[in-house]
Amino acid sequence: MNVLHRICPATGLKIDRQAELLMKSHAVMATVALLVGGITAILILLTRWQAVHLLGPVWYYRALTVHGITMLIFFILFFEMAVLYFTSGPLLNSRIAAPRLGWLAFALMVVGAVMTEWMIWTGKADVLMTSYVPLRAHPLYYLGIILFAVGALIVTLQFFATLVVARRERTYEGSVPLITFGAAAAAVIAVITLGHGAAIYIPTFLWSLGLMEVDPQIYRMVWWALGHSSQQINVAAMVSVWYLLGALTVGSVVLNEKISRTAFVLYVLFISMASAHHLLVDPGFGPAWKIVNTSYFMYMAVLASMLHGFTVPAGVELGQRLRGFTHGLFGWVRRAPWGDPGFSSLVLSVVVFGFVGGITGVTIGTEQINIIAHNTLRVPGHFHATVVSGTAMAFMGLTYYLIPLIFRKKVAFWPLAKMQPYLFAGGMLIFSVFMSLSGGFAVPRRHWDITFASAPFGLEFSPTVDLLMGVMALGGLLAAVGGGIYILITVWSVFFGVPLDEREIAHVDARYPAGTRESAASAV
Amino acid sequence: MHTGLESPKGVWWKPAHRSEKVWFSLAFGWCIVLFAMMPLWHWKGGQNPAGTRSRVDPAAFAARTQEFIETYQVGEENGFPIVEPPPGSDVYLLGRMWSWSPILKLRKGAEYTLHISSADVNHGFSLYPINVNFQVVPGYDYALKVTPSEAGDFRVICNEFCGIGHHIMLGRVIVTDEEGNLAVAEGESTEVSVP
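Here the protein sequences line up with chains A and B, keeping their order. Sequential numbering from 1 applies to the first sequence in my numbering. Sequential numbering from 1001 applies to the second sequence in my numbering.
So that you can see chain A by itself, here it is in the shape it has in the complex:
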């Protein structure tokens, strides 16, 4: 009989062979997407940096379309699908419910992503990520996204099916671990999100074929129920990864299951309605509708993030103290494994997501402030702090454990890996802050030429804007270097890396007091 699973020497978890292959495949595709999105990021950055102004208008808007869809949809979702496989299969010592279906879903996602990319790169879909109707793209652009979404929906349903299998086959005792619970919250939100996605992309696909009409305002409403909820999948998945990284790097403890789990439930309950903050200055809705959706519903989701923002660092502190770092009030901080990229990613992700992403998001999401922030650079300034230095940073940190534990390879270029989170999150921090500040001067987002050289009237922004956007560009380039290093390390480790043996892998887990060991992952 074939070996259908192996026992992880570090965690003692039973890793199902199919789950492992699926996770690896999704992780590889995520990295490919990150590379495509990263190259376009540099091109856009060098264009918005007016001193360089690299691309012409056609390729600027095209690269912007590629960047948005590749990063926010393809990269993030491929990685999240890997997280869903991990949290339902190996983490529960379970097999995957229907591996063949998993491969079908993977194929759908790859075909869909390639189809959409192909349409954009060949100039048939210059509509930006939001593709607001009646801007029209080639039908295959919409079809590609639909196929990708169907694939993702199958993986999500597979996640629930695997939970049922694990429960029936009694592969674990008690309740599911918190990390699986968080992933389940992400999966529930994913179902809601993908439902909205179907509700808008299928009619839009038919509209692009000339078969039906789509109202532009209704498009915006339903599209944002997809567009913003999908960011909440990211948040729930990211917070799960925070707990996971805490556990792997310093043996972080769950303070109280009730609080942490309730916070995840708050995400599920309140976030879809909160998507309304994208429509605060739209003509189609009245003030009552806007206020109810964006105040009451949004702040209960904010509360959830505030809770995790407390329990994650507190869990790290307790984990550190249990490992013996009890000296004084801040001994646990000083003796934390700052050279472990998994740990530094966790800290940077929590800090930048919370303080920059969270605060900018809550402010520009209010009715009154939105009037001065809508569609200015304050908006991308906000979401680069949440989704890039928050979610992407956390996912990158997790990769430094995926490589030894799942790919069973040594992390290559270790000194670079130690620096990578600081470069990436530090660069994104500068980028986000200075982008937001430029937005305060009314600099529009998604704009090729803010000197208005070919416009009928003159308009010159304050020279301060040049300075702010210059610093923004430097921050962006710093982050791009960090991103490039990440791709170099992952690709090199996975394809040309040194394989690890059982004994070496066993050292990767830090839950057992490691003494003066600087870093768990570096010990191998």
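Errors might be hidden in some of the hints.
Unchecked claim - Calculated from the model, a selection of chain B residues having no Cβ within reach of chain A, i.e. all distances over 12 Å:
id: 1; residue: Ala1060
id: 2; residue: Ala1062
id: 3; residue: Ala1063
id: 4; residue: Gln1066
id: 5; residue: Glu1067
id: 6; residue: Glu1070
id: 7; residue: Thr1071
id: 8; residue: Tyr1072
id: 9; residue: Glu1084
id: 10; residue: Ser1089
id: 11; residue: Asp1090
id: 12; residue: Thr1147
id: 13; residue: Thr1176
id: 14; residue: Asp1177
id: 15; residue: Glu1179
id: 16; residue: Gly1180
Unchecked claim - Straight-line alpha carbon distances no greater than 20 Å define the calculated SDA-like cross-link-like pairs of lysine to any residue that follow:
id: 17; chain 1: B; residue 1: Lys1009; chain 2: A; residue 2: Glu169
id: 18; chain 1: B; residue 1: Lys1044; chain 2: A; residue 2: Ile371
id: 19; chain 1: A; residue 1: Lys258; chain 2: A; residue 2: Met300
id: 20; chain 1: A; residue 1: Lys124; chain 2: B; residue 2: Gly1165
Honestly, the hints are just simulated from the structure, not real lab data. Even for Gly, the Cβ is constructed at its ideal location relative to N, Cα and C.
Got chain A; can you put chain B on it based on the hints?
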């Protein structure tokens, strides 16, 4: 004590530690403050998208704008009509790929109803340098009550992507002082500076 990787055994619905309770109360209280502030500020503050909204056929809106231009046109610049409507009137501004028409000449302190809509795709109305932004959606008439509070030469930046010419879509609004005098010479495209 267990990590998030492990299954909690038995009942995990247990009272939280005091520190967590304190934090929850603080966070919840703060969220309630934020929650209360938005409606409160809507009633008490002066910064809301106060206006009526209605559906409109894009072609009908374009025709209405044309009629408005013909009635009140006072000049022309760069091929754009300059329109000076009387105080208190309905004012029309049409966004289309890739221009805002007409150039509006308004009077400081007078109240107008500014109707904004689009003839084709989504556009973004961003009044510079005041930095007031509205989404312009085809098929919807956004009728905003406006009272210009300072004289000057303003620009309307399109800040929603509307196709390849998006970045040339720039409009102009001139606000004269109470006597109807121009702060800047007509026809002269002066640079707008940040106040």
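- prompt: Which numbered conditions among the earlier hints are violated in the structure presented, ordered from lowest to highest?
  reply: Structure breaks no hint.
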